[in-house]
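Asker: Grab the two chains, each in its own frame, and use the hints to assemble them into the complex.
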Amino acid sequence: MQEIKGKFGPEFRPKPPLSGVVYGEIAYWIVLTGTVLSIIGVSMILTTNANYIDSTCLLNGLWGGDNPSAIWEKCAGTNPKGHWYLGKLNTGDGIAMLGIALACMAAVFGVWGSTFALFRDREYFFVVFAFVVALILTASALGIIHAGH
Amino acid sequence: MLGLVLLIITGLSGTVAAEESPSSMGLSPVEFFILFLVISIFIGIVAVLAGVGGGVIFTPLMMGFTPIDGLIIRGTGLFVAMAGALVAARPFLRRGLANIRLLYFAAVPYSASAVTGALLAVYIKQTMGVTGEAFVRLSLGSLVILIAMLFIFAGGRIEYPEIRKVDRFTQRVGLAMSYWEESLGSVVQYQVTRSWLGLILFSGVGLVSGLFGLGAGWAMVPVLNLVMMAPLKVAAASSKVLIGIGDTAAIWPYVMQGTIFPLFAVPCMIGLIVGTIIGAKIMIRVKAGFVRYLIIGIMLVSGLRLIQQSLTMLGYI
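In the order they appear, the protein sequences are chains E and B.
So in the working numbering the end of the first sequence lands on 222, straight run, no missing numbers.
So in the working numbering the end of the second sequence lands on 390, straight run, no missing numbers.
Certain hints may be false.
Here are some chain E residues pointing at chain B (derived, C-beta under 8 angstroms) [stated by the list, open to error]: (1) Y101; (2) V115; (3) L131; (4) L135; (5) A174; (6) A214.
Calculated directly from the structure, the hints in this document are not laboratory data.
Where is the CB? At the ideal position from N, CA and C, for every residue including glycine.
Isolated chain B, as found in the complex (with noise of 0.2 angstroms):
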């Protein structure tokens, strides 16, 4: 269904550039609304399947098989993923699931290498013009295809991770924690150790979400669950809470600069929600791993898409 959805899109987009008239895509508003809508709402309903956010897949695709502009959909992408992550925050820190203390610790260089990355986003489109987009879309390419294979050859998680020593840098930092955990009917008491490594990775994964307009998601869980060696769940809890905080920090460059039209983000940002709470409900009964090698696909095929666009544009196609 996402295919044919997509098929439509490109099929559209053709279509606009073969006649080489822009005002010739035939959509009123209403149906522009409802076509990225229900766009979107696949995206998340896919995402959730298969245990990513759907602010990546979102940006790729978008940038590899739509003619909308490069920098309008990245900070749409941050948006969308910001909202969501956002939204499902509440719960994680109700259960005192997300790790607070982890979570300013790791913000700081996060929140503040994002912003980097959107001010270096709007910094190449002004100064660089094609070349820097090529560029952009060369990197984010090349990146999604580095993400997918992450997804098929390190995917492996532990969920409660063996600490054999906890660094003396991170004892006096004092991230150890504790939360209730249904399934055992126990309290987990955890550490963490590495927190110097962990800040110097959140700095990067903050700099490439801000710069691609990603959530970081893919990046952040493995930090905090194979560097930092927190338990999976709070991993994951606090990584959809970092989110939230340093796409914040990085939103705001693309909104001052205009660059975030309602029209289009919003029913992005509701289809999102929407197909995530849909997939949520739909994850018991569908088998995981279909779905986790659709987006795989889909990653792959949107970065070599997005390589191709980047060599046509610099002249080697």
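So here's chain E without its partners, still in its complex pose (with noise of 0.2 angstroms):
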């Protein structure tokens, strides 16, 4: 590592890459927002009936170590696959699973968001970088890769 000699003061401090910066106000703010609504959905769960999962079938499931499928079957009587909580935003689990899901996609907003600000910087090279990792996140995101059911 070679530390620069004379380029002490406050006055020399370099300016954070925007890229950087636009990426990190995109992540924090979603993930806030989707903490917040998470917190509100499981609020519901646990004071109202207006849920898409039998909580008390579910803590069963989870402490009897059943899989995934197995609690879905038993306490929702189905077993719903990808955005399933897009269909039921008028029950706790559905707001709960939003906000995870919105905590989720923090990332990949970011990650555009970043990408953008590096093309306008004429940071060419790593744009392609920032563009690959956006489509990863993407498609990923959007279930397009999938482990098939």
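Answerer: Okay, structure coming up:
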């Protein structure tokens, strides 16, 4: 590591790259929104009957070591895959899962924003890397990359 | 205290097993929420004091000492590691401490292999049943013991690694950057090297992270600091941001398969984040050495427990 001698004093403080700041801000605020939503959803699960999954049945399934498919079959009567929560937003489970999914989307939006910022800064070589990462994240989030059923 | 909580959980799971009635758990959803919130807060506090991410303790501990299905725990472990890393990323990027070029350079192999690992985890669960679960537990147990050994024998980090020669590939990629070092009151301009080796290692780390649902700071910081010779602060900050990106790629196969249950995932996430904040605040008043050995102990016990479980599943015990 080479420390640059002579560049002392706050006036030499390097400006953080815009692409990094953009990623950090987008990811932070989205994950925070997702967290708040998921807390609201879980509060509904704990205090109301507006639930998609029977909570007591879920706990018994979890503690009984049941696999996810068995828990879904027993406690919701179905085994939904993908973005099931989008059709269940009138339930606590649906809202809580929407919050979790939103938190899981935070980096996806962050990387796309950051890619555009890199492009603006003319860091074309790294735009390619960021673009590939954005594609991988988006394909994963949309279920294009999946394990099959 | 953590031991006490663990004891309660183990006791509860033992009761369930003994009575062969999962409905005899006896906890209401509210009690369940509070129990896992408290456990996760303690995991978060201890993890921060020991200088590791909560994810690396959460998954082996939960898999070793609760009866909850391994795929659910791994998906949840990945989620809590990801959420914590995303929240922590912001200040590192605002201060320019995380190297954005290095991040995207490493994120390509890391996220591609993390998503592959997650798909592999779901595939093993769907096709190999108990045998697959046993091999996953055996591998995770061995890995956790290996990580504990790494903490004991290879804990040395270099604050400002000395680079004698930057290889041609790394020079062409251009990963050099600078940041403002508050403690020195000066700009630190740094190079990295051996980026080709970093690419290979990040692929392996991503696969492990996605497959086992672990945060990967324990492996990423040494790769960045000791292999690619980035300054320690840059390595730690970049690793945290990278976990957020890579684990996002890996989490979705778990979400799509319905392995994330909010009633379990949300208290664990909140608990780990709150625990991390509390841990950071009490860090200055506590001797880190003791906590470090506590973490090593927890990891060794969890690892041995996972190996024991896998050998039982395979019929060797």
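Asker: Measuring from the C-beta of A174/E to each C-beta in chain B, is the shortest one below 8 angstroms?
Answerer: The hint holds - A174/E has a Cβ within 8 angstroms of chain B, the shortest such distance being about 7 angstroms.
Asker: Double-check V115/E for me: the hint is only fine if its C-beta lies closer than 8 angstroms to a C-beta in chain B.
Answerer: It holds, given that the least Cβ distance between V115/E and chain B is near 5 angstroms, below 8 angstroms.
Asker: With 8 angstroms as the cut and Cβ atoms as the points, is L135/E at the interface with chain B?
Answerer: With a closest approach of 5 angstroms, the L135/E hint holds.
Asker: With a cut-off of 8 angstroms, does the beta carbon of A214/E approach a beta carbon of chain B closely enough for the hint to hold?
Answerer: Status holds, d = 5 angstroms.
Asker: Answer holds if the nearest beta-carbon of chain B is closer than 8 angstroms to that of Y101/E; otherwise answer violated.
Answerer: Check passed: Cβ of Y101/E comes within 4 angstroms of chain B, closer than 8 angstroms.
Asker: When the nearest CB of chain B is found for L131/E, is that gap smaller than 8 angstroms?
Answerer: Holds. Min distance 6 angstroms.
When held up to the earlier numbered hints, the structure conflicts with none and fits them all.
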